[in-house]
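Colleague: Given next are the chains, with one letter for each unit.
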Amino acid sequence: MPAPYFDYTALLPEIILTGAIVVVLIADLLFEEREKYRTSTLAGLGCLGALVPILYLAGNGNDRSMFGGAYVVDNYALVMKTLFLVAGYITVLLSANYIEEGDYYQGEYYVLLLTALLGMTVMASARDLVTIFVALETLSIPTYLLAGWRKHDARSNEASLKYYLMGVLSSAVMLYGMSIVYGLAGDTRLVEIAKYVRTGAGGHLFDVAIFFTLVGFAFKVSAVPFHFWAPDAYEGAPTPVTAFLSVASKTGGFVALLSLVYVGFFGRGDAWQPILWVLAAASMTVGNLIALRQTNLVRMLAYSSIAQGGFMLVPFAVANQGDGSARPGAFSATIVYLLIYGAMNLGAFAVLIGVARKTRSADIDSYAGLFEYAPALAVLMSLFLFSLAGIPPLAGWYAKLVIFKAVIDAGTAQAVTLGVVAAVNSVVALFYYARVAGLMWFRSAPAEPGTGRIPPALGAAIALPAAVVLVIGVYPNLFARLGELATRGL
Amino acid sequence: MNWFDSWALSLATFIPIVGMAVVLAIPRAREELIKQVTLVATALTLAVGVVILFRFDYDNVDKLQFSVNKSWIDVISSRYHMGLDGISLPLVILTMGITLLCVVYSWDHFPEPHNPKAFLALLLVLETGMIGTFLAEDLILFFIFFELVLLPMYFMIGVWGGPNREYASIKFFLFTLFGSALMLLSFLALFFKSDPHTFDIVALSQQHGAGLTHGTQLLIFGGLFLGFAIKVPMFPFHTWLPDAHTEAPTVGSVILAAVLLKLGTYGFIRVALPVLPEAARSWAPWIGLLAVIGIIYGALGCLAQRDMKRLIAFSSVAHMGFVMLGISTLTSFGINAAIFGMVAHGLITGMLFFIAGSVQERFGTRELKRLGGLLLQAPKMGWILGFCCMASLGLPGLAGFWGEFPAVLSSYQPAVGLNVALFRAFMVTAAIGTVLAAGYLLWMLQRVAMGKIPVEWEDAHIHDVHVPEWIAWTPLLILILGLGVFPSTIFHVTDGAVQVVSGHFVRG
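Heads up: the protein sequence lines correspond to chains A and B, in order. With the working numbering applied, the first sequence covers 481 to 970. With the working numbering applied, the second sequence covers 49 to 556.
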């Protein structure tokens, strides 16, 4: 057997990340206690460094494939890797002061963060069941630990444990489904599975396999009814980790779903489409309705991100309906949504961390009168919340638009019904986003407003997503192009 | 001046946003500078409007002038397409004028909690959204501008509004958003059903629904109808309006009445009718029915009010009913009347809200029971109120007449294919509505302006009209009288463009 072919240029982002992990690990040993904050700088540089070869690969433009098609670096992979690395970089910015001031282990934190990122970048290229599984575990296991990083807080322990148990359970279910797929199709590569799907063989056993595999990922992307872990994990985890979980980790799950559904299982729409339809409708509706009742902003954002995940699932549910022309539009719709969602959700969490430095609280009530004593933070938070609600001219409107576009493009009754569910949900969602904004603007400030300052790193972590939300809101073509490019390889 | 023709509409739309950016950069404490910058920005915008008025080709009002058509989101083939014809022109100028007057009016008395910086910044965003909606010729662009007004108005009501402001602001937001979500679905359906796929309003109007089954057309029109009817607002979607108007600060009410409601009626004339004429014909009797219900319901609502502002708000429901009745006849006569009605209602009801705001400021209340004798304490303001009430009830010779009377008359002979008997019944009902309008307006005038000064205010020192009020009000009063005497200034501009719209309905 000949040695497998390695395209080192294509693997350079992953190699750089691995290098950064090693460097941070060693640096942590060498630095004095008061110098440990520098590990965050190294981690940030690692994220940015890994972006450089991605830019080169994107300029080069060739699709590169390795290991018999199990690992592919195409436009889609590059777009998603960029999203992961930028989200990772912003998470490092969010974490820098939080982790340093909070008396946590610093070096280990960044090592785990980078390891999770490594899993995500691999996931973007994985086109093979085994690679997908390995990538998924690489990105999940560090986040189980990160969720419990506030060791002295019982809720953080609970978060970690819950997240871990649910994660392991979902992995097991998924692995079971994958093993049946492999048993029937005789191959783990998605392209080969697609060939098997086209033969129409497999019958109900294959339906079951698809069901188990998808359910596993439904846990990962916290789709209703597999969402129970998310709010507790989000609330208990350190806030920067929550931001990371709700954006990067969720995107990781979606990337795997995209590859599996659009590349591997696409021909069996009858098996996966009803599942995803129900997941989408339930996630949007239940996520929004529960979010209405929350009193803690982190929990509210947790439920809001469940609902947002529902929106991202909508294109899946309609992708193979109608005359099939909706497929590329649906694929790029989810990608564009992920890109925009990443910016606005990270931004919202960044402001949340900023406000918590002043008020020492994430209770929604503690936001009363924020506009009076911290107008900039209030304006920015409103920006992100209304963007999440999809109000023009903030980027979120375009994310909603592409979802509706995919629905109408498919044009069948089921698709349009889902579209109406989504439309109604976008109105319900406005209610709780606007409630927070209303508190900040319409109420008077408390007698002794908090005074904490916003450190530069956090400021950058707020400014970056804010710029994206405004620029993409007015000129969405930039992200729309990325979505279109990513769809070419389909 | 060639560069001007290609830049005019972009300038008119985006000067306010640039002004907002400048305002945001100025520290909050420098209030004078902030006010001056806002004044300059709105005045510049109006200046662009005046130049447009001079350079507009009045012989080709049906053609889009000053057009810009640049690529914007090419991935979904949506373009930055703006244009101005006889239908948009009066509304754009109205918007520019009203915004400037609002800045002048609020110069020295910003509502609590003060903060001119935020207030004026929001006002400028609002202006961009309103002007842009009247100019957009691409559905997505139209949608963006249509929605752009929501956030500033939400904050304006919520921050500077009355005691019940939180409820009113969120109600306004949710109602409008619900309509526009379905409207967006309809826009997308139009896109995919058109051939070649396009969001261009001009191109879609030329295809006028070709290749669509009647059922699909009805459904898509239904989505558009909800989006626009909530904005107008038509009965039974009007319930957000009295709350929003009552709680909003004076300037917010004025803008809401004078311009925001027109976005809905404009949407009917610009998008819904020309793009889906066949469905419009099927929907027209229902629109007409809701319009006359609105007229009667609004009038009866007025008679039951105890709050001056709430009364004017309900009168808006009735007046917009006349506008919608004109549109529902699908005739050029009716649609011309509707556009005139939009402008006239903007001027008159805007004026009434200004007065209500000034009354509230002086007496600290708008309760009709507690007011009285304004003519004795502040005679000038009392006379102005009388003048506006007369205009609002449709006295011939003032602007209100030309919006109301032709609209009623046009339903005598609706477009081919509509049920004549039904529309004549609408006509009679609407005529009764005008009588009721006289009733509630004169009643309000009597309560507020006439009679003796109530004991409560006998010793109160009540200022008559201030200088900023004079500056803000005089142009409106002149226009109300001027347009009443020379209605053809507007009809002359709109008629050619309206013929194009109603042309879809001439044959059966």
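None of these hints come from the bench; they were simulated from the model. All values derive from a computational prediction rather than experimental measurement. Please note that a few of the clues may not be correct.
On the chain A side, residues computed to face chain B include the following (Cβ under 8 Å) [claimed, not checked]:
hint, residue
1, A652
2, Y656
3, P872
4, D889
5, V907
6, L910
7, P926
8, R961
With the Cβ distance kept under 7 Å, some of the chain B side facing chain A (calculated, not the full set) [claimed, not checked]:
hint, residue
9, V207
10, E214
11, Y215
12, A229
13, L233
14, A237
15, D243
Glycine residues also receive a C-beta, built at the ideal position from the N, C-alpha and C atoms.
Colleague: Tell me, in ascending order, the numbers of any earlier hints that this structure violates.
Modeller: Violated hints (numbers, rising): 1, 2, 7, 11, 15; every other hint is consistent with the structure.
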